[in-house]
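Colleague: Sequence:
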Amino acid sequence: MNSSHQSVRNSPLDEGEPCLRKDDQSVSVIPESLPSRSSYASVKRIDYVGRCILFVLILAVFIFGVVVAFLVGRWAANNRNFNTTINEPIQQSNTTTSIASTITQTPTLSITDAPEQATLSDEWDVPEESNNLTLIDIYPPSVIDTTPETFHFTSKSLIKKHRKVPLIPLPRTVLPVHYDIQLDFTAFLSEERIPGNISILLESYGNSTGDDIIFHSSPNVHIDRLRLHQHGRAVLIRSVKRNARTKTVQLTLKDRLKSGWCTLEIQFVTRICEDDDGGVHCYRSTPNEKGAQKQERHSRAPIISFTTKFEPTLARSFIPCWDEPHIKATFNVTVLHQRSMTVLSNTAPYRSGDKRHSNVVLTRFHETPPMSVYLLAFAVGPFVRLEMSTDRNIPLTIWTLPEDFLYARFAANFSPIMFDRHEEEFGIEYPFSKLDFVAARSFPVGGMENWGLVVFHNNMILLDSFLEDNANMTVDLLAEQYAIEKIVTHEIAHQWFGNLVTMNDWSEIWLNEGFASFYVGDFLKQDHPYLASSEYYLHLAQLLAKQTSDEKVPLVRTMRSEAEVESAFDRFHLYTKGCVIVKMIKDLVSDIDFRDGVRKYLKKNAFKSVGRDALWNSMPAYADHGIESERLEDVIEPWLTNAGMPEVVISRNYNDDSLRVTQRTSDQNRYVIFVNDVDSYSHNSSAAITMNSEGSHRRKREIHSNDHLKTMRRLRRGQEAESTPFDESLFEGIGNVSPLKDHHDPTKSEEIIGDIRKKKEKRKGRRMHFKHASLPPSQIRNSKNELKFTDLFIPLKRQRAKKYRRSQHGKQLWSIPFSYRFGSSSSSAGELTRQFWLHNETVTFVDIELLPSMPLLANPDWKYPFRVNYDIDNWRMLAKMLHEHHLRIPSKSRMQLITDAEFYLKQSGVPEIYLYILGYLSRERDMGVLLIGLDAIYRFADMFRGTHISGTILIYLREVVAQIDSVLEESRSNPELAAIWLIDANRLAQLYQLRCVANLSTCEQDEKIEKWLMFADLTDEDQYFQMTAVCHYLFTEAGSRELELVANGLKHFNGKWSTSIQLATCVRDEEILKTTVRLIINTKNAAVYTAVLQNEYTLHYNGKLREMLWSEIASMSLPERKLLFSIDTRDTSQVARILVHSVRCLRELQQLMRVMPSWGTHMQLEIEYLKRKYHWMDKTAVPRIESFLNRGGAN
1 MNSSHQSVRN
11 SPLDEGEPCL
21 RKDDQSVSVI
31 PESLPSRSSY
41 ASVKRIDYVG
51 RCILFVLILA
61 VFIFGVVVAF
71 LVGRWAANNR
81 NFNTTINEPI
91 QQSNTTTSIA
101 STITQTPTLS
111 ITDAPEQATL
121 SDEWDVPEES
131 NNLTLIDIYP
141 PSVIDTTPET
151 FHFTSKSLIK
161 KHRKVPLIPL
171 PRTVLPVHYD
181 IQLDFTAFLS
191 EERIPGNISI
201 LLESYGNSTG
211 DDIIFHSSPN
221 VHIDRLRLHQ
231 HGRAVLIRSV
241 KRNARTKTVQ
251 LTLKDRLKSG
261 WCTLEIQFVT
271 RICEDDDGGV
281 HCYRSTPNEK
291 GAQKQERHSR
301 APIISFTTKF
311 EPTLARSFIP
321 CWDEPHIKAT
331 FNVTVLHQRS
341 MTVLSNTAPY
351 RSGDKRHSNV
361 VLTRFHETPP
371 MSVYLLAFAV
381 GPFVRLEMST
391 DRNIPLTIWT
401 LPEDFLYARF
411 AANFSPIMFD
421 RHEEEFGIEY
431 PFSKLDFVAA
441 RSFPVGGMEN
451 WGLVVFHNNM
461 ILLDSFLEDN
471 ANMTVDLLAE
481 QYAIEKIVTH
491 EIAHQWFGNL
501 VTMNDWSEIW
511 LNEGFASFYV
521 GDFLKQDHPY
531 LASSEYYLHL
541 AQLLAKQTSD
551 EKVPLVRTMR
561 SEAEVESAFD
571 RFHLYTKGCV
581 IVKMIKDLVS
591 DIDFRDGVRK
601 YLKKNAFKSV
611 GRDALWNSMP
621 AYADHGIESE
631 RLEDVIEPWL
641 TNAGMPEVVI
651 SRNYNDDSLR
661 VTQRTSDQNR
671 YVIFVNDVDS
681 YSHNSSAAIT
691 MNSEGSHRRK
701 REIHSNDHLK
711 TMRRLRRGQE
721 AESTPFDESL
731 FEGIGNVSPL
741 KDHHDPTKSE
751 EIIGDIRKKK
761 EKRKGRRMHF
771 KHASLPPSQI
781 RNSKNELKFT
791 DLFIPLKRQR
801 AKKYRRSQHG
811 KQLWSIPFSY
821 RFGSSSSSAG
831 ELTRQFWLHN
841 ETVTFVDIEL
851 LPSMPLLANP
861 DWKYPFRVNY
871 DIDNWRMLAK
881 MLHEHHLRIP
891 SKSRMQLITD
901 AEFYLKQSGV
911 PEIYLYILGY
921 LSRERDMGVL
931 LIGLDAIYRF
941 ADMFRGTHIS
951 GTILIYLREV
961 VAQIDSVLEE
971 SRSNPELAAI
981 WLIDANRLAQ
991 LYQLRCVANL
1001 STCEQDEKIE
1011 KWLMFADLTD
1021 EDQYFQMTAV
1031 CHYLFTEAGS
1041 RELELVANGL
1051 KHFNGKWSTS
1061 IQLATCVRDE
1071 EILKTTVRLI
1081 INTKNAAVYT
1091 AVLQNEYTLH
1101 YNGKLREMLW
1111 SEIASMSLPE
1121 RKLLFSIDTR
1131 DTSQVARILV
1141 HSVRCLRELQ
1151 QLMRVMPSWG
1161 THMQLEIEYL
1171 KRKYHWMDKT
1181 AVPRIESFLN
1191 RGGAN
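Heads up: the sequence shown runs through residues 1 to 1195, numbered per UniProt numbering.
These are computed hints drawn from the structure, not numbers from a lab.
For lysine-lysine, the following PhoX-like pairs were computed, each having C-alpha atoms within a straight-line distance of at most 20 Å:
1. Lys586 to Lys525
2. Lys254 to Lys241
3. Lys863 to Lys525
4. Lys1074 to Lys1056
5. Lys1104 to Lys1074
6. Lys586 to Lys863
7. Lys603 to Lys586
8. Lys600 to Lys586
9. Lys552 to Lys811
10. Lys1051 to Lys1074
Using the sequences and the accompanying hints, generate a full structural model.
Modeller: Here it is as structure tokens:
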């Protein structure tokens, strides 16, 4: 075997791959190193004359192209729409716009962009209509950040590299059954290439209509030789074609393959570590300063180790293969490598009998069970191991570099325990003889679940010993341990969900990630009940915020390119949404039935690739809710395929006790009053509302806007009447429409809902309609007969059957397990709960026990993931109940009420009701509720920070901030509670800012400023805390001593972001501000500009600083400003949108508008959005809130 590998390694490498270049050229002969039962293919005579003619033609075309490009370039240069040029180069990068780490010394305009929202339409099958955008398409940039390197998230830069690679399914007439892989790792350290031989056992099904074999192979995999044989005889290959775009190789055969087995043998060489685009990720040594100077300009540091990550479509960048998840095969792997290197793969190696004293050894690994090729994995390097074992004595080993060995102790102790829990819960034994965890220094994601060989980024699995040894770091230690527990649990769950049972297509990736994410919380709540539960609802709130913006992403959707598959691995739209849907399934079928269904699913489909049909066949057939059961598949399917998330709108008629309930896709812009109310908030700029007044898209948007115009006007009149009947405007456009007999093509959700209705009719034998009915209140309330819940609805009787109610064209429907609660446990009637399925778009009925004075609470305990909106009177009653008896409302429902109130009321005609709801938090003690409340309060204070009522609002909320502060201090004695704060560390930063602007003693500004003055630097362990206090002091009462220290710090500015620059933005001294702004502008870095405007250390509004900053930006060259604000680009960049939406008042917006002579079509809509917003704030929100606060904050 040694000589075999040496021959592969030393074989000539033809970079041009002549055997693959011409269609009429046969493959070259494969060497004796590969086993053979057939004769070799013949070699045809090469046509040199033909090659020369082809070369001349290609050269002529190339010269012609150069000439044309030159002429076009000159024409474009002479017709530019600006006359000046940029004196300095302009850079663009793809990191996130946050703070100092993105800021460089380079004196260039650096546009540091956040993840692109413009790509969503391409990736999620939403048609791109950039010329038809309207104001209702404008959403402010998301304030929800993605945590760094968690689970399998993919960088946007990598997604862009895969953007143009289409996903074209391979033919299923010939499929692999077994791979025999021989690799040579002896030279990868120096040559960065891996030679190899691969023998693939194929099964031909004999139903092919062509004579081709197609498999995947990326351009970096150089195929030297091929051979195909069947039934002991060679199969002649006519030609070999490579398609670089689809990364495939097509073998055209002389004769069609017969049904049966055949073997494809390939000799190849793979180039590795060229960039981060492939499946191999190298960790290189870091040269010291002297060594770096000696290195050549283009040379790279030597490789120390490498690991692989082939998910989703990168196995083809390492070996020729069938790289699709539904194709499973077994693998035998043999590796030649240096004795000093540890080589790991999916299975355990055979015991080596090699006793020679050679530096090169041959390691053979056991055969794997059938698995998808993306789960094949390798880890190579000078690793050392920390081995533990499970209850069944399966070795569970953590491999690290020697210097990281001690940091792996926590993960090593925790992992076997969690592994055993998985085996017990799933009832199926893990099929491998070992499980390895590798802590990699260079890895693009947090973890990858390769079967038997899980690879983690070392930051995600290693625990800093400083936290373990420091007694004062108890909370931080628990938070870090919890993070390790989460990712370890996630990857262990994948050994069953994803590895044992694999999705058959990337569109079904939720079957892998949704269940793995669900079981993280399900297992960890046994050890951290409050922490795991609170984290789930905090993430649910974030998911709803994302899915109701311009990121309405279905969980199951068609994947058309590699980029779309990569982008599917999203923290919210896959992991959180998948987890939420799995939890919903469990809640609908009961814990016991869910567990049995999971076990049946895993056992029945082991070693297979399946779709969600296999899940429905394993789970209980029906879901129970209320008095009726529905097919589980029919219920869940719309939640998977519909874009976005649903909302339920409840409107009560207080005169006759009737209710109207409707469902629709939730969208935040539907409730932003200044976007919809054209009459009141157009601000003389209606020309900017739309870019294309003729298109059908605009007409659709105008209808959408008019649908909700009356809603917003109704909200503004809400408090004028004592009793509010049906808010009919909430249901504009939702009425009786014709049944499915017209030319409308029903959506998937409509078809499912239609099937449910038909089945219900068959069971009932007649059609039942709920209708708004008016009965005398005395007759209803004086009835002494005991009534069932169904009797409380007043249906339509003895009337002609009417047509079905279904959605309008293009609208989505869900099967929603709806419930609502009213009454009190202390009353004679008690607390009553109604439950029923909401399939219709709208249903109207009478509940005779629901009195007008009773507040109605929908979706108790926030059990299911949808939003709820109420009529204004019900909102007021709920707000009053929160202030007077908030404990009568379940804690999870209080979370939802705060979340939904912000969504529906904050930017409505009655923002004071939302502020009143926030005020109740001064009585709240539940940590989870307070954290959601903290987020809401911070966003509200930030929204009004540029208005004259900012201070008054903070005075009203001062007791709330003090309550949150007090609960935080009390939680320090309970690490389990305190660790909740570190789920998102931004919340602590928000609290620090709020406690200072609210002038609480816990700001400790005097103590912090004394330390700063004494050491002329930040000395606290919690520098964020000290920086916030110092910044507050500098803004409110800075003296000459403090200002002098700030000015001296600016003298040492070296172009990099520093605390001196940050503190200088907190002062109001004009001379210091002028110097600060000049230094900021000279960085030519957009990330610095956004960091200044979105100051992370104070909620104070520094009007002088902002005015100077916009003035200096206006003095930049026109091309630089156009680049900064994406004026001449097809789409608006994220950084430009963040900059523009950093404005906090109408006066500042006017300063911004003077920066550009023309804002262009896309950015003009953003400007119009902000015009309307601040016009609404000045005209409606500020006066109403001011009046509310002057009345003492009473609703």
